[in-house]
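Could you put the whole structure together from the sequences, leaning on the hints where they help?
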Amino acid sequence: MSLTVTQFAGVLNRIADRISERKEYLCELDRHIGDGDHGVSMDIGWSAIRQKLRELESERDLGALLQAVSLAFLNAVGASVGPLYGTAFLRGSAVAKGKSELSDEELAEFWIAAIGGIRQRGKAEPGDKTMIDAWAPIASSLEASLADDEPWDSAWDKAVRAGERGMNATKDLVSRKGRSGRLGDRSVGHVDPGAASAWLIFSTFVQAHQEAQTQS
Amino acid sequence: MSLTVTQFAGVLNRIADRISERKEYLCELDRHIGDGDHGVSMDIGWSAIRQKLRELESERDLGALLQAVSLAFLNAVGASVGPLYGTAFLRGSAVAKGKSELSDEELAEFWIAAIGGIRQRGKAEPGDKTMIDAWAPIASSLEASLADDEPWDSAWDKAVRAGERGMNATKDLVSRKGRSGRLGDRSVGHVDPGAASAWLIFSTFVQAHQEAQTQS
Amino acid sequence: MKKLINGPDRVVDEMVEGYAAAYPQYVVQLTGSKRALVRTQLRKGKVGIVIGGGSGHEPGFMGYVGRGFADGVAVGNVFASPSPDPIVAATKAVDQGAGVLYMIANYAGDNMNFEMSAELAAMDGIRTAAVRVTDDVASAPAGDEEKRRGIAGVVLQYKVAGAAAERGYSLERLVELCGKANRNTRSMGVAVSPCSMPQTGKPAFELAEDEMEIGLGIHGEPGLVRGKLASADETAQSLIERIVPDLGLASGDRVAVMVNGLGSTTYMEMFIVFRKAKQLLDAQGIRIHRAHVGEFVTSMEMGGLSITLMKLDDELAGLIDDPADCPAFTQA
Amino acid sequence: MKKLINGPDRVVDEMVEGYAAAYPQYVVQLTGSKRALVRTQLRKGKVGIVIGGGSGHEPGFMGYVGRGFADGVAVGNVFASPSPDPIVAATKAVDQGAGVLYMIANYAGDNMNFEMSAELAAMDGIRTAAVRVTDDVASAPAGDEEKRRGIAGVVLQYKVAGAAAERGYSLERLVELCGKANRNTRSMGVAVSPCSMPQTGKPAFELAEDEMEIGLGIHGEPGLVRGKLASADETAQSLIERIVPDLGLASGDRVAVMVNGLGSTTYMEMFIVFRKAKQLLDAQGIRIHRAHVGEFVTSMEMGGLSITLMKLDDELAGLIDDPADCPAFTQA
Ligand SMILES: Nc1ncnc2c1ncn2[C@@H]1O[C@H](COP(=O)(O)OP(=O)(O)O)[C@@H](O)[C@H]1O
Ligand SMILES: Nc1ncnc2c1ncn2[C@@H]1O[C@H](COP(=O)(O)OP(=O)(O)O)[C@@H](O)[C@H]1O
Ligand SMILES: [Mg+2]
Ligand SMILES: [Mg+2]
Ligand SMILES: [Mg+2]
Ligand SMILES: [Mg+2]
Numbered sequence: 001m002s003l004t005v006t007q008f009a010g011v012l013n014r015i016a017d018r019i020s021e022r023k024e025y026l027c028e029l030d031r032h033i034g035d036g037d038h039g040v041s042m043d044i045g046w047s048a049i050r051q052k053l054r055e056l057e058s059e060r061d062l063g064a065l066l067q068a069v070s071l072a073f074l075n076a077v078g079a080s081v082g083p084l085y086g087t088a089f090l091r092g093s094a095v096a097k098g099k100s101e102l103s104d105e106e107l108a109e110f111w112i113a114a115i116g117g118i119r120q121r122g123k124a125e126p127g128d129k130t131m132i133d134a135w136a137p138i139a140s141s142l143e144a145s146l147a148d149d150e151p152w153d154s155a156w157d158k159a160v161r162a163g164e165r166g167m168n169a170t171k172d173l174v175s176r177k178g179r180s181g182r183l184g185d186r187s188v189g190h191v192d193p194g195a196a197s198a199w200l201i202f203s204t205f206v207q208a209h210q211e212a213q214t215q216s
Numbered sequence: 001m002s003l004t005v006t007q008f009a010g011v012l013n014r015i016a017d018r019i020s021e022r023k024e025y026l027c028e029l030d031r032h033i034g035d036g037d038h039g040v041s042m043d044i045g046w047s048a049i050r051q052k053l054r055e056l057e058s059e060r061d062l063g064a065l066l067q068a069v070s071l072a073f074l075n076a077v078g079a080s081v082g083p084l085y086g087t088a089f090l091r092g093s094a095v096a097k098g099k100s101e102l103s104d105e106e107l108a109e110f111w112i113a114a115i116g117g118i119r120q121r122g123k124a125e126p127g128d129k130t131m132i133d134a135w136a137p138i139a140s141s142l143e144a145s146l147a148d149d150e151p152w153d154s155a156w157d158k159a160v161r162a163g164e165r166g167m168n169a170t171k172d173l174v175s176r177k178g179r180s181g182r183l184g185d186r187s188v189g190h191v192d193p194g195a196a197s198a199w200l201i202f203s204t205f206v207q208a209h210q211e212a213q214t215q216s
Numbered sequence: 001m002k003k004l005i006n007g008p009d010r011v012v013d014e015m016v017e018g019y020a021a022a023y024p025q026y027v028v029q030l031t032g033s034k035r036a037l038v039r040t041q042l043r044k045g046k047v048g049i050v051i052g053g054g055s056g057h058e059p060g061f062m063g064y065v066g067r068g069f070a071d072g073v074a075v076g077n078v079f080a081s082p083s084p085d086p087i088v089a090a091t092k093a094v095d096q097g098a099g100v101l102y103m104i105a106n107y108a109g110d111n112m113n114f115e116m117s118a119e120l121a122a123m124d125g126i127r128t129a130a131v132r133v134t135d136d137v138a139s140a141p142a143g144d145e146e147k148r149r150g151i152a153g154v155v156l157q158y159k160v161a162g163a164a165a166e167r168g169y170s171l172e173r174l175v176e177l178c179g180k181a182n183r184n185t186r187s188m189g190v191a192v193s194p195c196s197m198p199q200t201g202k203p204a205f206e207l208a209e210d211e212m213e214i215g216l217g218i219h220g221e222p223g224l225v226r227g228k229l230a231s232a233d234e235t236a237q238s239l240i241e242r243i244v245p246d247l248g249l250a251s252g253d254r255v256a257v258m259v260n261g262l263g264s265t266t267y268m269e270m271f272i273v274f275r276k277a278k279q280l281l282d283a284q285g286i287r288i289h290r291a292h293v294g295e296f297v298t299s300m301e302m303g304g305l306s307i308t309l310m311k312l313d314d315e316l317a318g319l320i321d322d323p324a325d326c327p328a329f330t331q332a
Numbered sequence: 001m002k003k004l005i006n007g008p009d010r011v012v013d014e015m016v017e018g019y020a021a022a023y024p025q026y027v028v029q030l031t032g033s034k035r036a037l038v039r040t041q042l043r044k045g046k047v048g049i050v051i052g053g054g055s056g057h058e059p060g061f062m063g064y065v066g067r068g069f070a071d072g073v074a075v076g077n078v079f080a081s082p083s084p085d086p087i088v089a090a091t092k093a094v095d096q097g098a099g100v101l102y103m104i105a106n107y108a109g110d111n112m113n114f115e116m117s118a119e120l121a122a123m124d125g126i127r128t129a130a131v132r133v134t135d136d137v138a139s140a141p142a143g144d145e146e147k148r149r150g151i152a153g154v155v156l157q158y159k160v161a162g163a164a165a166e167r168g169y170s171l172e173r174l175v176e177l178c179g180k181a182n183r184n185t186r187s188m189g190v191a192v193s194p195c196s197m198p199q200t201g202k203p204a205f206e207l208a209e210d211e212m213e214i215g216l217g218i219h220g221e222p223g224l225v226r227g228k229l230a231s232a233d234e235t236a237q238s239l240i241e242r243i244v245p246d247l248g249l250a251s252g253d254r255v256a257v258m259v260n261g262l263g264s265t266t267y268m269e270m271f272i273v274f275r276k277a278k279q280l281l282d283a284q285g286i287r288i289h290r291a292h293v294g295e296f297v298t299s300m301e302m303g304g305l306s307i308t309l310m311k312l313d314d315e316l317a318g319l320i321d322d323p324a325d326c327p328a329f330t331q332a
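Chains as they are written, first to last, in the numbering used here: chain D, 1 to 216; chain S, 1 to 216; chain H, 1 to 332; chain L, 1 to 332.
Be a bit skeptical, because a hint or two may be false.
List of simulated lysine to any residue pairs, SDA-like, C-alpha gap at most 25 Å [to be verified]: (1) H:Lys34 / S:Ser58; (2) L:Lys147 / D:Ile112; (3) H:Lys228 / L:Lys147.
Quick list of the computed label-pair ranges, beta carbon to beta carbon [stated by the list, open to error]: (4) L:Asp210 / H:Ala332: 42 to 50 Å; (5) D:Glu143 / L:Ala208: 45 to 53 Å; (6) S:Glu143 / H:Asp314: 56 to 64 Å; (7) S:Asp153 / H:Thr31: 32 to 40 Å; (8) L:Gly168 / H:Pro323: 46 to 54 Å; (9) S:Thr4 / H:Gly168: 58 to 66 Å; (10) L:Pro8 / D:Val174: 31 to 39 Å; (11) L:Gly168 / H:Asp9: 50 to 58 Å; (12) D:Tyr25 / L:Asp210: 24 to 32 Å; (13) L:Gln284 / H:Thr31: 42 to 50 Å; (14) H:Thr40 / S:Ala64: 56 to 64 Å.
A short, non-exhaustive set of chain H residues, derived as facing chain L with CB atoms under 10 Å [unchecked claim]: (15) Val16; (16) Thr31; (17) Lys34; (18) Met123; (19) Ile126; (20) Arg275.
Since the hints were derived computationally from the structure, they do not count as laboratory data.
Every residue gets a Cβ at the ideal spot worked out from N, C-alpha and C, and that includes glycine.
So, in structure tokens, the structure goes:
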């Protein structure tokens with residue numbers, strides 16, 4: 001199985017739609033422990049991606065497309081998530097450089113690279129109550145599946161479930177990074193908004209990827 | 001019938017109490033056509049009078065007392081009503097100068113002089129939708145009663161009723177002076193706060209004066 | 001309305017005390033009359049300028065005592081003119097032998113209290129003259145200009161008169177200048193949310209979620225009309241469309257512009273409104289000489305803003321540009 | 001929350017445009033990067049200072065570009081750090097060969113975006129150095145000072161760094177000075193009513209009529225604790241009691257004081273709070289060198305305020321006193 005440039009763009013558009021639908025929910029989470037804008041920032045960023053994808057409809061190099069997507073997101077958003085996802089897409093674009101189609105293995109490597117970019121940019125550790133708590137288990141799960149040559153159908157689902165567990169676990173964590181990093185105990189009891197959107201992105205990706213397979 | 005200095009001070013205290021009770025009502029009227037503070041200003045002024053009366057408990061010259069009352073009101077309040085009632089008490093004090101008791105005739109002259117002071121200071125005409133619409137009929141009524149040698153019991157009541165009519169008539173007037181002077185037609189439908197407090201002052205005076213007679 | 005105060009009856013005295021404590025380099029509080037603040041440095045021979053009005057308009061009016069602005073201020077209760085006591089005290093303290101100019105926003109209370117003060121000052125041999133600011137176009141129709149109330153336009157007129165007094169204008173020339181400045185100044189405002197008096201805690205007026213009050217006064221006095229809540233651009237347009245013809249502005253004219261926030265309106269909104277105002281003026285060939293955007297004369301926590309234009313000739317433009325230094329308005 | 005805007009998605013761009021249109025004597029908007037504003041007059045050889053942050057803090061941060069303050073500013077979305085694009089554009093525009101200082105309020109977003117910008121500027125051969133302001137005592141315990149966020153204390157630190165840059169300090173000396181200034185600055189705030197994002201219209205938090213939030217951030221981030229609404233004096237006391245020991249202030253020390261309104265808080269409240277703060281400092285023998293009371297870094301229409309103290313040595317005191325001229329902070 002694989003995703004062509006066009007399919008990959010379609011998947012990104014699906015994610016953009018999903019973020020837009022869940023904008024208010026993500027803001028609500030951020031109001032509890034942050035400044036209430038996470039849904040707005042993500043929506044601005046993914047709308048910029050949607051716009052950029054329209055502009056570059058004829059681009060065949062997925063690496064070039066993802067590099068443009070990275071800059072579009074970064075410059076439209078700023079905030080915390082701009083550099084984090086900007087870096088993620090940039091690192092991911094290296095995996096896709098010169099390619100017009102990515103296999104499942106390459107898609108996994110794309111995500112592992114992207115998540116590495118987030119970790120490097122944000123310097124957050126698992127347990128800090130950030131998006132890393134969703135992304136890190138996803139990356140570990142994908143790495144393990146790659147190493148074990150696991151069938152991709154179950155591998156993607158496994159990664160989704162690992163991310164979901166990580167996201168839900170943020171509820172009981174004391175925040176240590178980002179805006180909520182000063183709340184101490186008052187941050188306990190709420191899912192981290194960045195972890196919630198991370199899982200939203202990844203699970204939508206997996207779903208759209210699997211649908212693209214059945215359609216093709 | 002007459003009022004001694006002590007009785008006069010008692011009457012003023014009664015008025016102060018009444019204003020304090022009706023403070024919120026006077027503010028409410030002022031919110032409709034002005035800036036909502038008329039009750040507050042009047043209460044500040046009459047509290048200052050109450051305070052001054054306590055300080056000057058042993059003052060026997062009613063004229064001196066009223067002059068002190070004038071300044072106390074003026075300086076505590078400022079606003080529109082400070083100069084208006086400050087001038088009123090100052091003019092009234094001239095009638096009372098050197099006296100320790102005022103007869104009904106002198107009391108009527110006190111009010112006529114006081115109201116003259118308000119008219120001179122404020123330069124408002126009847127029909128402008130100000131306190132003058134309550135005070136002017138009171139002054140006219142008292143002047144007529146003085147000229148006709150009317151018995152004072154009915155004369156005071158007549159003046160109260162004249163003031164009440166004048167006050168109520170402000171409801172249908174278009175404002176031309178003071179803060180509400182720019183409202184045009186939007187001022188119609190509400191009693192002028194200054195007219196309301198004017199009638200409150202005068203009717204309380206008459207009631208307390210009459211009670212003082214039956215008590216003495 | 002939640003307020004960080006110690007009690008409604010103490011707000012004004014404590015505020016004045018706090019102000020004087022914050023800015024000893026600008027003002028001293030008169031010991032005999034604590035509601036009077038006077039410039040720390042007075043210049044012999046300069047005409048003194050005394051301003052004043054009710055509290056609740058901060059940084060007005062205390063904030064306008066300083067170099068190139070006023071020399072003294074009398075502070076009244078909330079939304080109530082000061083009484084003659086602090087006005088007279090300030091008058092005596094600032095008089096440097098050249099007379100004292102009273103600048104009044106043309107409210108009944110201010111007019112009467114300053115009038116009484118002038119009489120009292122005259123008894124002490126101090127020459128005073130009073131000028132009235134009547135910039136609010138919404139408060140009376142053309143032809144009845146002298147009945148209009150003063151709103152944020154007072155600040156630009158303080159600026160001009162204060163600069164002229166520093167330049168050495170006589171009391172007579174200042175009166176003349178103020179007349180000209182006032183004839184060339186117009187303002188109008190809107191409110192989107194009310195303020196409330198600390199003593200009553202009640203909102204000055206009620207507005208539905210989709211309403212705004214157009215042409216209201218800076219004390220929450222009802223305005224001209226109540227309308228649907230408009231966009232920033234529509235608001236700018238409706239204000240500019242009233243002010244420009246009333247001032248008789250034509251292509252080639254120069255103006256000073258002030259966008260004044262009434263209290264809880266954000267700078268964001270003010271700048272967005274200014275943007276449209278400038279576009280509209282540009283389109284008519286009216287040149288902005290200088291702009292001021294911020295909180296100059298508030299109505300406590302009222303939401304809304306006003307626009308002021310002052311048409312400038314060379315004299316007024318020069319005075320607008322002169323340096324000034326007071327806590328609410330410093331210009332290098 | 002009613003706002004005079006044209007649409008939530010347009011607020012920032014229109015605000016920046018309006019700001020630049022209002023103050024052409026201070027700033028120019030870069031044509032290539034409209035979210036970057038740069039001083040109209042730059043001086044060869046002076047270290048450039050670039051600041052920035054999210055919108056919604058007006059008059060911060062745009063208002064601090066001018067003489068004796070910053071040279072360029074990058075403007076982010078509401079409560080969101082600017083992206084590297086305007087930061088890099090401002091950096092390039094202000095660099096006069098002596099390097100560029102980034103002053104950052106230590107939020108994750110600002111840190112990362114300025115960090116990326118520094119990397120990009122380095123590729124263009126521009127030397128940058130970044131300093132972080134961490135004045136909010138409520139945001140991390142003593143010992144963890146470097147984790148604290150920057151709130152209104154940024155303004156006094158801009159002031160000091162801006163004055164030093166005008167005096168000709170090198171980039172290295174500025175970094176050192178900023179370190180000292182930051183170690184000597186502490187702030188803490190309270191909120192009594194929330195702000196809301198234009199895009200969501202939802203209040204950032206809910207507070208009961210008798211509650212206040214103590215130690216909150218300038219974006220409506222929840223604070224240390226929620227308490228009963230206190231009086232002005234109690235509020236001043238609880239803030240001063242946290243700040244003074246954290247800063248290690250002792251009798252004989254000199255401080256600059258800032259009382260910063262968060263948006264809808266009236267000047268009246270700020271002066272009443274300042275009054276008590278001064279009494280408390282006086283009682284401990286701590287001398288106020290200079291005070292600033294007003295709106296410096298707001299949170300849109302949030303109700304509440306913060307107090308900032310900067311402990312001064314001769315160098316800092318001199319820099320605090322230097323003249324300054326930008327729309328949000330002019331000092332003669
Ligand atoms: N250093 C970091 N590393 C990883 N994620 C982070 C970091 N700092 C913040 N985040 C994530 O960003 C989210 C907040 O994003 P957003 O609300 O869009 O930005 P901002 O904090 O600027 O308002 C947090 O919930 C957290 O998951
Ligand atoms: N020139 C005037 N002559 C007589 N009464 C006046 C005049 N101006 C105002 N008033 C009265 O004052 C009242 C308002 O008083 P108040 O609310 O205490 O003062 P302010 O208008 O300063 O807020 C009005 O209702 C009106 O009756
Ligand atoms: Mg956020
Ligand atoms: Mg009134
Ligand atoms: Mg009033
Ligand atoms: Mg944010």
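Does the CB of Ile126 of chain H sit less than 10 Å away from some CB of chain L?
violated, 29 Å
Range hint 42 to 50 Å: satisfied by the CB atoms of Asp210 of chain L and Ala332 of chain H?
holds, 45 Å
Thr40 of chain H and Ala64 of chain S, beta-carbon distance inside 56 to 64 Å?
violated, 39 Å
How does the Cβ-Cβ distance of Gln284 of chain L and Thr31 of chain H compare with 42 to 50 Å: does it lie in that range?
The hint (42 to 50 Å, Cβ to Cβ) is violated, given that Gln284 of chain L and Thr31 of chain H are roughly 26 Å apart.
Please verify that hint: Arg275 of chain H, Cβ, nearest Cβ of chain L, below 10 Å or not.
At about 3 Å, which falls below the 10 Å cut-off, the nearest Cβ of chain L leaves the hint on Arg275 of chain H intact, so it holds.
Met123 of chain H as chain L interface residue, shortest Cβ-Cβ below 10 Å:
Since chain L brings no Cβ nearer than about 34 Å to Met123 of chain H, farther than 10 Å, the hint is violated.
Has the hinted range 56 to 64 Å been met by the Cβ atoms of Glu143 of chain S and Asp314 of chain H?
holds, 58 Å
Given the hint of 32 to 40 Å, check if Asp153 of chain S and Thr31 of chain H actually sit that far apart at their C-beta atoms.
violated, 52 Å
Is Lys147 of chain L within 25 Å of Ile112 of chain D, Cα to Cα?
Violated - the C-alpha atoms of Ile112 of chain D and Lys147 of chain L are around 29 Å apart, more than 25 Å.
With 50 to 58 Å as the target window, see if Gly168 of chain L and Asp9 of chain H comply at their CB atoms.
holds, 53 Å
Taking 24 to 32 Å as the hint, is the beta-carbon distance of Tyr25 of chain D and Asp210 of chain L inside that range?
holds, 30 Å
Compare the distance between the alpha carbons of Lys34 of chain H and Ser58 of chain S with 25 Å, and conclude whether the hinted pair is satisfied.
violated, 29 Å
Hint violations for this structure: numbers 1, 2, 3, 7, 8, 13, 14, 16, 17, 18 and 19, all remaining hints satisfied.
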